[in-house]
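Residue numbers (our numbering), protein chains in the order written: chain V, 1 to 374; chain S, 1 to 374.
These are calculated hints, taken from the structure and not from any lab test. Some clues are possibly wrong.
It does not matter which identical chain is used: a pair holds within one copy or between any two.
As the list claims (entries may be wrong) - Think about it this way: if two alpha-carbon atoms lie no more than 20 Å apart in a straight line, the pair counts; the simulated EDC-like pairs of lysine to aspartate or glutamate are:
no.: 1; residue 1: 294; residue 2: 120
no.: 2; residue 1: 294; residue 2: 72
no.: 3; residue 1: 22; residue 2: 123
There are 2 protein chains.
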Amino acid sequence: MPMEFQITCQDATTRARAGRLKLPAGTVETPAFMPVGSRASVRGLAAPQVRECGVQMVLANAYHLALRPGPEVVAAAGGLHSFMAWDGPILTDSGGYQVFSLAQHREVSDSGVLFRSPVDGAESFLGPRRCMEIQGMLGADVAMVLDQCPPYPCSQAEAETAVQRTLRWGAACKQFHDRDDQALFGIVQGSVFDELREESARRTVEIGFDGYAIGGVSVGEGEELRRHAVGFTAPLLPADRPRYLMGVGFPPDVLSAVGEGIDLFDCVAPTRMGRNATAFTPEGRLRLRNSGFKADRRPVQQGCDCLCCRLYSRAYLNHLFRVREMLGPILLSVHNVAFYARMMARAREAIGRGRFAQFRDGFLVRYLGGKEEG
Amino acid sequence: MPMEFQITCQDATTRARAGRLKLPAGTVETPAFMPVGSRASVRGLAAPQVRECGVQMVLANAYHLALRPGPEVVAAAGGLHSFMAWDGPILTDSGGYQVFSLAQHREVSDSGVLFRSPVDGAESFLGPRRCMEIQGMLGADVAMVLDQCPPYPCSQAEAETAVQRTLRWGAACKQFHDRDDQALFGIVQGSVFDELREESARRTVEIGFDGYAIGGVSVGEGEELRRHAVGFTAPLLPADRPRYLMGVGFPPDVLSAVGEGIDLFDCVAPTRMGRNATAFTPEGRLRLRNSGFKADRRPVQQGCDCLCCRLYSRAYLNHLFRVREMLGPILLSVHNVAFYARMMARAREAIGRGRFAQFRDGFLVRYLGGKEEG
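Throw the hints in and build the complete structure from the sequences for me.
Structure (structure tokens):
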């Protein structure tokens, strides 16, 4: 068995659950957030810094790594863990999302996607077999099936096509997947259409995977539709298997989804916002480039034990961003990654006490302070 | 006394000497190399990483910090050590070099330099009094006098003017300098003209400073003229005071100057070359972007104990630079800074054994491998 998953605690008043996900490279306490290292690097952070932030598991991307440096290079380096010096669990996204959102001149058929590499223009093909080959060579703890992620908005017919194709590709991926030290997760599509989500969930579960992801959200549909899709889909997935919400999100969305029984998350928000001078704090976001921080001697977040907050002031961060020193993006990425890891640890703790709703609501009152975040 | 300097060992066959420089923030074993953190940040490295690299002392720049964030902000933060979280010794360059090389529309007179800030176009003035005020507020362990650094080539008359002005400014800086917990170093100019170097050295020593710098080198004059200037000037400086060679340089130049009795160095080379995918190794420089490294599983430097070499392969660095991940510049900066620190530690050790010439020559044979470096 490449994976064991055990629910250790069910919250009292929400669907939130705490669990323990045992993977070849280690055990992940869930719910957990995975920082994104698409190209085998969580941007700006060396692996020991990622660990110091309290991160348990990271995400990498098969599409990006297939283009550069190529799965053969990673395999020859002893696999992704060794290549990126991250000895904890890793999940690789299949590249389905990227091949539809980034690649040019694509031709989609049931057998896969023919596209031109944005790197060198070379013709490439990504189908279920190749997708499993690539992820097998990368050697992450969890591989994802190849999926078709439709944009938003899309017609119900388009969403239906994506659902059928994702089911066909999922079954094929399961067939081609041959590493017994790697779990394989299926992906539920269906855009904003309940009946498609229902069909996609039911038939994905029929194929049978180690875990299940909700895909096709966070593509522009907005908070209300996203939350509906998550709340509708999560209960359709087996309670004893991990549930992974792909590409979500900002803290309010993450906590909302934890309350629906989601166990795993990934999003570029902590690192991308950090590079862009925006810090997450319990009182909401700070834009450190603002002149109001020029002489602010407080740390980004009082009481935070990350490298950034232990040693540096908001004034120093303001300075670094204003003079474009790369240490600014580095330090705020460290802080934001640590912020997310701590938020998840507190969520697990609250679930353990049967008080997740109180934790979530208290967090949101303080975090949003009456403001919405986009 | 803001500073004590003790020669602990004189080499047997060269002018190299090992010493101990006691400064308010700590003791520096010399000869030592200071990585450059012009804007209060050694590019890409948090302070604990700089320390881990074996660095004893860093350089910051009064010109850059006067423009942004302003010396008042740094002073209000408790000074430069606290602002940048570096608890070891710091030297601030006066900004003389920058005001001549970077600022626009400058008018130079004996009282100082009137220039337009490249940040906001505001008119600024840098003279001896303001220069000492700024460096006093920054609060480094060592301040530098305001100097005029002529470009190369320049006429003997221009070099003479720069020498006279630097002497006048130096005397004024000494007068205005009023922190008794901060050392003040004079600067010798004179371009490539021996008689000007001689006069500048003699009269700078007559003014009397805690230490003496050789300025106006590494401005395009080339290796031969640079080495001549250093070899000619160093013996003119008091043997019992630290000698600092400004802005130098690549490893061969640094070791050559150590052999002439230089104690302190600074240069952007380790960080700038690191950002540019170039690693220093005992066998010379590696350009990690080259495709030859794509599958090279060796560390950048075998046996190096820096973060980069402990955890990562040349193949990973090659990948990071090719996909423009910022971890590439970070890791190679770490390695290069550690490389320089180790080179200096080995130089000190060799001097201690009276065998600096052998060390230097052996280093160069291995490093250059018959090739010149630019």
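Hint check results:
| no. | hint | result |
| --- | --- | --- |
| 1 | 294 to 120 | between (44 Å within a copy, 16 Å between copies) |
| 2 | 294 to 72 | between (48 Å within a copy, 11 Å between copies) |
| 3 | 22 to 123 | neither (38 Å within a copy, 63 Å between copies) |
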